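Number of protein chains: 4
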Amino acid sequence: MEVGFLGLGIMGKAMSMNLLKHGFKVTVWNRTLSKCDELVEHGASVCESPAEVIKKCKYTIAMLSDPCAALSVVFDKGGVLEQICEGKGYIDMSTVDAETSLKINEAITGKGGRFVEGPVSGSKKPAEDGQLIILAAGDKALFEESIPAFDVLGKRSFFLGQVGNGAKMKLIVNMIMGSMMNAFSEGLVLADKSGLSSDTLLDILDLGAMTNPMFKGKGPSMNKSSYPPAFPLKHQQKDMRLALALGDENAVSMPVAAAANEAFKKARSLGLGDLDFSAVIEAVKFSRE
Amino acid sequence: MEVGFLGLGIMGKAMSMNLLKHGFKVTVWNRTLSKCDELVEHGASVCESPAEVIKKCKYTIAMLSDPCAALSVVFDKGGVLEQICEGKGYIDMSTVDAETSLKINEAITGKGGRFVEGPVSGSKKPAEDGQLIILAAGDKALFEESIPAFDVLGKRSFFLGQVGNGAKMKLIVNMIMGSMMNAFSEGLVLADKSGLSSDTLLDILDLGAMTNPMFKGKGPSMNKSSYPPAFPLKHQQKDMRLALALGDENAVSMPVAAAANEAFKKARSLGLGDLDFSAVIEAVKFSRE
Amino acid sequence: MEVGFLGLGIMGKAMSMNLLKHGFKVTVWNRTLSKCDELVEHGASVCESPAEVIKKCKYTIAMLSDPCAALSVVFDKGGVLEQICEGKGYIDMSTVDAETSLKINEAITGKGGRFVEGPVSGSKKPAEDGQLIILAAGDKALFEESIPAFDVLGKRSFFLGQVGNGAKMKLIVNMIMGSMMNAFSEGLVLADKSGLSSDTLLDILDLGAMTNPMFKGKGPSMNKSSYPPAFPLKHQQKDMRLALALGDENAVSMPVAAAANEAFKKARSLGLGDLDFSAVIEAVKFSRE
Amino acid sequence: MEVGFLGLGIMGKAMSMNLLKHGFKVTVWNRTLSKCDELVEHGASVCESPAEVIKKCKYTIAMLSDPCAALSVVFDKGGVLEQICEGKGYIDMSTVDAETSLKINEAITGKGGRFVEGPVSGSKKPAEDGQLIILAAGDKALFEESIPAFDVLGKRSFFLGQVGNGAKMKLIVNMIMGSMMNAFSEGLVLADKSGLSSDTLLDILDLGAMTNPMFKGKGPSMNKSSYPPAFPLKHQQKDMRLALALGDENAVSMPVAAAANEAFKKARSLGLGDLDFSAVIEAVKFSRE
Numbered sequence: 071m072e073v074g075f076l077g078l079g080i081m082g083k084a085m086s087m088n089l090l091k092h093g094f095k096v097t098v099w100n101r102t103l104s105k106c107d108e109l110v111e112h113g114a115s116v117c118e119s120p121a122e123v124i125k126k127c128k129y130t131i132a133m134l135s136d137p138c139a140a141l142s143v144v145f146d147k148g149g150v151l152e153q154i155c156e157g158k159g160y161i162d163m164s165t166v167d168a169e170t171s172l173k174i175n176e177a178i179t180g181k182g183g184r185f186v187e188g189p190v191s192g193s194k195k196p197a198e199d200g201q202l203i204i205l206a207a208g209d210k211a212l213f214e215e216s217i218p219a220f221d222v223l224g225k226r227s228f229f230l231g232q233v234g235n236g237a238k239m240k241l242i243v244n245m246i247m248g249s250m251m252n253a254f255s256e257g258l259v260l261a262d263k264s265g266l267s268s269d270t271l272l273d274i275l276d277l278g279a280m281t282n283p284m285f286k287g288k289g290p291s292m293n294k295s296s297y298p299p300a301f302p303l304k305h306q307q308k309d310m311r312l313a314l315a316l317g318d319e320n321a322v323s324m325p326v327a328a329a330a331n332e333a334f335k336k337a338r339s340l341g342l343g344d345l346d347f348s349a350v351i352e353a354v355k356f357s358r359e
Numbered sequence: 071m072e073v074g075f076l077g078l079g080i081m082g083k084a085m086s087m088n089l090l091k092h093g094f095k096v097t098v099w100n101r102t103l104s105k106c107d108e109l110v111e112h113g114a115s116v117c118e119s120p121a122e123v124i125k126k127c128k129y130t131i132a133m134l135s136d137p138c139a140a141l142s143v144v145f146d147k148g149g150v151l152e153q154i155c156e157g158k159g160y161i162d163m164s165t166v167d168a169e170t171s172l173k174i175n176e177a178i179t180g181k182g183g184r185f186v187e188g189p190v191s192g193s194k195k196p197a198e199d200g201q202l203i204i205l206a207a208g209d210k211a212l213f214e215e216s217i218p219a220f221d222v223l224g225k226r227s228f229f230l231g232q233v234g235n236g237a238k239m240k241l242i243v244n245m246i247m248g249s250m251m252n253a254f255s256e257g258l259v260l261a262d263k264s265g266l267s268s269d270t271l272l273d274i275l276d277l278g279a280m281t282n283p284m285f286k287g288k289g290p291s292m293n294k295s296s297y298p299p300a301f302p303l304k305h306q307q308k309d310m311r312l313a314l315a316l317g318d319e320n321a322v323s324m325p326v327a328a329a330a331n332e333a334f335k336k337a338r339s340l341g342l343g344d345l346d347f348s349a350v351i352e353a354v355k356f357s358r359e
Numbered sequence: 071m072e073v074g075f076l077g078l079g080i081m082g083k084a085m086s087m088n089l090l091k092h093g094f095k096v097t098v099w100n101r102t103l104s105k106c107d108e109l110v111e112h113g114a115s116v117c118e119s120p121a122e123v124i125k126k127c128k129y130t131i132a133m134l135s136d137p138c139a140a141l142s143v144v145f146d147k148g149g150v151l152e153q154i155c156e157g158k159g160y161i162d163m164s165t166v167d168a169e170t171s172l173k174i175n176e177a178i179t180g181k182g183g184r185f186v187e188g189p190v191s192g193s194k195k196p197a198e199d200g201q202l203i204i205l206a207a208g209d210k211a212l213f214e215e216s217i218p219a220f221d222v223l224g225k226r227s228f229f230l231g232q233v234g235n236g237a238k239m240k241l242i243v244n245m246i247m248g249s250m251m252n253a254f255s256e257g258l259v260l261a262d263k264s265g266l267s268s269d270t271l272l273d274i275l276d277l278g279a280m281t282n283p284m285f286k287g288k289g290p291s292m293n294k295s296s297y298p299p300a301f302p303l304k305h306q307q308k309d310m311r312l313a314l315a316l317g318d319e320n321a322v323s324m325p326v327a328a329a330a331n332e333a334f335k336k337a338r339s340l341g342l343g344d345l346d347f348s349a350v351i352e353a354v355k356f357s358r359e
Numbered sequence: 071m072e073v074g075f076l077g078l079g080i081m082g083k084a085m086s087m088n089l090l091k092h093g094f095k096v097t098v099w100n101r102t103l104s105k106c107d108e109l110v111e112h113g114a115s116v117c118e119s120p121a122e123v124i125k126k127c128k129y130t131i132a133m134l135s136d137p138c139a140a141l142s143v144v145f146d147k148g149g150v151l152e153q154i155c156e157g158k159g160y161i162d163m164s165t166v167d168a169e170t171s172l173k174i175n176e177a178i179t180g181k182g183g184r185f186v187e188g189p190v191s192g193s194k195k196p197a198e199d200g201q202l203i204i205l206a207a208g209d210k211a212l213f214e215e216s217i218p219a220f221d222v223l224g225k226r227s228f229f230l231g232q233v234g235n236g237a238k239m240k241l242i243v244n245m246i247m248g249s250m251m252n253a254f255s256e257g258l259v260l261a262d263k264s265g266l267s268s269d270t271l272l273d274i275l276d277l278g279a280m281t282n283p284m285f286k287g288k289g290p291s292m293n294k295s296s297y298p299p300a301f302p303l304k305h306q307q308k309d310m311r312l313a314l315a316l317g318d319e320n321a322v323s324m325p326v327a328a329a330a331n332e333a334f335k336k337a338r339s340l341g342l343g344d345l346d347f348s349a350v351i352e353a354v355k356f357s358r359e
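Line by line, the protein sequences give chains C, E, V and Y. Quick note on numbering: this note's numbering labels position 57 of the first sequence as 127, and the sequence is numbered without any gaps. Quick note on numbering: this note's numbering labels position 265 of the second sequence as 335, and the sequence is numbered without any gaps. Quick note on numbering: this note's numbering labels position 239 of the third sequence as 309, and the sequence is numbered without any gaps. Quick note on numbering: this note's numbering labels position 41 of the fourth sequence as 111, and the sequence is numbered without any gaps.
Chain C extracted, bound-state conformation (with noise of 0.2 Å):
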């Protein structure tokens, strides 16, 4: 199978490997051209713009690094609208919001090509691995015919009906992760200043009902106050953001999610946004005394 491959960032470039590897013909590019080579040395072709790669290949994947470059990448001289056409598929696994998703496929199906956004839970390592969870939704044909590229790049791809609905997914588990993120922050400092040891709670937690990678994970860390950003406060804050816009619009009432988010806020106003978002608990610390 022959597809092609815009993006070639920490995710895109893990993920464009993992093809190669499994045999399949790629045909890359990237803003910045040099960022092919290694993929060359693996076996890939180049081409200089996104429209050329779209002409060459029946079906294309984009990993974007965020809406504006999703957009970009479509609309832009030399960008993908120039060449599809009926018969082509264009596959978005960026993260980018709703509205960005409808406007690129309004665009895309407006030519006669068809789309399906794939957005992705896991971040670089599942990338490498071919462990990614793809929420795809759009084009249920080109969603089945792209199976075998999922099947590399992901260990589950869900097809989960009209564009909107994959980055809608997106936030949703996300928002359940930072308001379980704020949880464990919370229990975590009342521990502490209740002269539990904190590392004790991670050994409980670890045995029982909750024990979840993510606390496992992170734990540790959180304890000694160390948060090398995997996943960046300010992004997920902006993700509670938009999750509970999701909710506004659909008269869903989310106390929790709500606390969650403005103790994420909080942790923003006290510098830590560029941090990995497990950092909120240091605005759960914060203390005086």
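If you are wondering where the hints come from, they were derived from the structure by calculation, not from laboratory data. Just so we're clear, the structure is a prediction, and the values are computed from it rather than from any experiment. Don't be surprised by glycine CBs; every beta carbon is placed ideally from N, CA and C. Some clues are possibly wrong.
Restraint-style ranges between C-beta atoms, simulated for each label pair [to be verified]: (1) V:T281 - Y:E214: 23 to 33 Å; (2) V:I80 - Y:G93: 52 to 62 Å; (3) V:T102 - C:F145: 34 to 44 Å; (4) V:T281 - Y:D136: 25 to 35 Å.
With a cut-off of at most 25 Å between alpha-carbon atoms, the simulated DSS-like pairs for lysine-lysine come out as follows [said to hold, decoys possible]: (5) Y:K147 - Y:K173; (6) Y:K286 - V:K286; (7) Y:K355 - Y:K286; (8) Y:K91 - Y:K195; (9) C:K355 - Y:K308; (10) Y:K355 - Y:K263; (11) C:K195 - C:K304; (12) C:K355 - Y:K173; (13) C:K308 - V:K304; (14) V:K128 - V:K95; (15) C:K286 - E:K286; (16) C:K355 - Y:K355; (17) E:K355 - V:K304; (18) E:K355 - V:K286; (19) C:K263 - Y:K308; (20) Y:K308 - Y:K173; (21) V:K128 - V:K91; (22) V:K210 - V:K173; (23) Y:K195 - E:K304; (24) V:K263 - E:K308; (25) V:K355 - V:K263; (26) E:K173 - Y:K91; (27) E:K195 - C:K286; (28) C:K263 - Y:K355; (29) V:K263 - Y:K308; (30) V:K263 - E:K355; (31) V:K308 - Y:K263.
Given chain C's structure and the hints, the job is docking chains E, V and Y onto it.
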């Protein structure tokens, strides 16, 4: 090793049975004596009062339903205090507040006895399987002498320092649980009201960094609005309140736990107090549209 | 002084009538022209488009129903932009968001015109009585030239600096109002459920340091579960959301406003969005016991 | 009319002085007897114990600093209980919890005496001016006989039914006050961080439907970060906690009060407990940017 065992409710019966199966000589007592019969069939001896059990055994474990029962077994006529003395150890594994525990400790040690509080994390099934988590505190030497019994009853036992710490640690664990349950509930309802499948959300969560036995165990029944009471909502809410009071004592602000507590209170006002604590999702769901 | 006046809804009619009564020469326009009749009887002139009003008058005030109407009156055919030019001033007193205001400002000043935004605090009655509070921002000189008109329309006018600040200030005032309404609602319900009289609570509040016209005005009807819409709950909730968004922008954590916002959302989900915002008390009251 | 008066702190001294000025014969007692001197100069008699005051007077009013002092004056040697008997009335105007009040009531009525609890709303200045608000409950006939005294001490007295209701009503009033103070604080900080003047916000609020003596009185000093303790933050937080506990008892969910309570706890952890409760704004303000 010979041990006394006071209280043969759901938990106590499973626990004393485990001790018998592992070769302990067990002398039991229960307010309703007929409940001892099954244990006797498996080799237990019976006494007619807590005092008699204490008299007979060097170590006595208690597993009573609430603080009131825990106090009564110690202080009432025929109670533990009548026979406790130097050389004897009393291990109360009931779930009680720190104050109750301290009161019992004072009385026991006042007579020369030794005391360990050992509330457990885990309910019926882990009790039967000897997979409880034991949060012990108090007399360190007695704790160490009790390890053979704890090893049968639980998969892990922790020694947490002075009496009261076991109770506090349990509150903190339950507080995290209550906030997590609310985070989970809000996510499931938001998915549903946003036109996404809350069952798919369960599948996605299950594959990611937040996967945990509680979500896996309770999610499917929550999506079917079924809440068979494993841990009644009103007890969960009480523990949230007590954990918040512990935070109050130590000047720890916990806005997420506070919001979760108010959601449990709303659920109580909706008549859901006797259902499982996962029924808090009904307070999130509730609407007139 | 001669002024144009665009928009003769409940607010605009009362305001332009006040200008006439105080000796201003007023030229009016309204989308439904027949609404101008009453004003003409009191001496107003009429034009057939916003552009004509602008052409005729050095100063034109607008009071439109929402951001959409405010934009349309400026940008559509026959709109303000067609005639605005150096020497002319446009004062938009509609309640719009900062973004809309900035857009209008840019267009007006791009043509050499001058712009003031002047959202008001106060509804029908204060408009009729000339007792509005005017939150103006934008062109300082135009603001000063407008004072004779503002003195007729309101009891006080504030100049708040750059365009957008009027809209922001209004959001902040409404945010405080929404949180206060929730504080009040929780108190009334708590009194009632605790076996105290919520009417007596009103009397007590009225005598103390918290007495305010809102509690006095709305309390008695809230205790009778009556919520005739002076300010619809869904608009109050929208303003809470926008104020929280303003806090998000500036990293201000506002947990009380966030909790109040979620209560308003719950009220919306209970079908109360079109009632007065004091109906949020129904979300507090709601129980099944 | 002749009355006894126990307790001559800031409040009690001002109150007993008012009684003297209005022609009451007053017999006073205070733990530190020298504090009685000023009253004696104005015509008061003195007794050496609460019991003696009770013996001498048909009606005795108490105004003590806290529940502990209120209990001590009744139950200790030389206390009220030694002389209270049929025909005598005891009116405790101290601020105590419902439980303390019930305990005193039981003891007094057990001896045949009559009891009214009458906590007040208002601090030093209203006490001096005879402008307190009296929240009375208990013996209705005694309440009515006390009205001449209450008319001197306060601007209004309420009879709220059974003993405990006075204490509860006061908690509810203070809960509303605490939430309002947080709403106000969040608004002031949001204005400031959004580039608006928080002093102008005060002016705008003062002109609108939310204007109230508390905002007017405390706003200007809050904007100057000055918090001379009229009502200490730690006491306000304690009242919030007790009001939330009252809600817990009656299954009333109060998310806004709960969020406000957590903000006061955060303020305590920042070392602000002894300042005025308006210092909670510091918890909102706090940032590292």
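Checked hints:
Checking the proposed 23 to 33 Å range against T281 of chain V and E214 of chain Y shows it holds: the Cβ atoms sit about 27 Å from each other. In this structure the hint that I80 of chain V and G93 of chain Y lie 52 to 62 Å apart at CB holds, the actual value being about 57 Å. Between T102 of chain V and F145 of chain C, the C-beta spacing of about 41 Å keeps the proposed range 34 to 44 Å intact. As the Cβ distance of T281 of chain V to D136 of chain Y is approximately 28 Å, the hint placing it in 25 to 35 Å holds.
Distance check on the hinted pair: K147 of chain Y and K173 of chain Y sit about 17 Å apart at the alpha-carbon level, within 25 Å; holds. As the CA atoms of K286 of chain Y and K286 of chain V are separated by approximately 17 Å, the hinted pair is consistent with the 25 Å bound. Under the criterion of a C-alpha separation no larger than 25 Å, the hint pairing K355 of chain Y with K286 of chain Y is consistent with the structure, at around 20 Å. Between K91 of chain Y and K195 of chain Y, the direct Cα distance comes to roughly 16 Å. Compliance with the 25 Å bound is thereby established for this hinted pair.
Using a Cα cut-off of 25 Å, the hinted pair K355 of chain C and K308 of chain Y holds, with the two alpha carbons roughly 21 Å apart. Among the hinted pairs, K355 of chain Y with K263 of chain Y is consistent with the structure: their alpha-carbon atoms are about 9 Å apart, no more than 25 Å. Pair hint K195 of chain C plus K304 of chain C holds up; C-alpha atoms about 21 Å apart against a cutoff of 25 Å. Among the hinted pairs, K355 of chain C with K173 of chain Y is inconsistent with the structure: their alpha-carbon atoms are about 40 Å apart, more than 25 Å.
Distance restraint check for K308 of chain C and K304 of chain V: the Cα-Cα separation of roughly 24 Å lies within the 25 Å cut-off, and the hinted pair is therefore satisfied. At most 25 Å may separate the alpha-carbon atoms for a hinted pair to count; K128 of chain V and K95 of chain V meet this at roughly 12 Å. Distance check on the hinted pair: K286 of chain C and K286 of chain E sit about 17 Å apart at the alpha-carbon level, within 25 Å; holds. This hinted pair checks out: K355 of chain C and K355 of chain Y have alpha carbons roughly 17 Å apart, not beyond 25 Å.
Distance hint between K355 of chain E and K304 of chain V is fulfilled; the C-alpha atoms sit about 19 Å from each other, no more than 25 Å. For the hint linking K355 of chain E to K286 of chain V, the alpha-carbon distance of about 34 Å lies beyond 25 Å, and the restraint is violated. A hinted pair counts as satisfied when its Cα atoms are at most 25 Å apart, and K263 of chain C with K308 of chain Y qualifies at roughly 19 Å. For the proposed pair K308 of chain Y and K173 of chain Y, the alpha carbon gap of about 20 Å is at most 25 Å, so the pair holds.
For the hint pairing K128 of chain V with K91 of chain V, the CA-to-CA distance comes to about 20 Å; that is within 25 Å, so the pair holds. Taking the CA atoms of K210 of chain V and K173 of chain V, the gap is near 18 Å; set against the 25 Å cutoff, the hint holds. At roughly 44 Å between alpha-carbon atoms, K195 of chain Y and K304 of chain E are farther apart than 25 Å, so this suggested pair is violated. Taking the CA atoms of K263 of chain V and K308 of chain E, the gap is about 19 Å. The hint holds against a cut of 25 Å.
Using a Cα cut-off of 25 Å, the hinted pair K355 of chain V and K263 of chain V holds, with the two alpha carbons roughly 9 Å apart. This hinted pair does not check out: K173 of chain E and K91 of chain Y have alpha carbons roughly 52 Å apart, beyond 25 Å. Of the pairs offered as hints, the one joining K195 of chain E and K286 of chain C holds, with about 24 Å between alpha carbons and a cut-off of 25 Å not exceeded. A C-alpha spacing of about 24 Å is found between K263 of chain C and K355 of chain Y, which places the hinted pair at or below 25 Å, so the restraint holds.
Under the criterion of a C-alpha separation no larger than 25 Å, the hint pairing K263 of chain V with K308 of chain Y is consistent with the structure, at around 21 Å. Straight-line distance between C-alpha atoms of K263 of chain V and K355 of chain E comes to about 24 Å, which keeps the hinted pair within the 25 Å bound. For the hint pairing K308 of chain V with K263 of chain Y, the CA-to-CA distance comes to about 21 Å; that is within 25 Å, so the pair holds.
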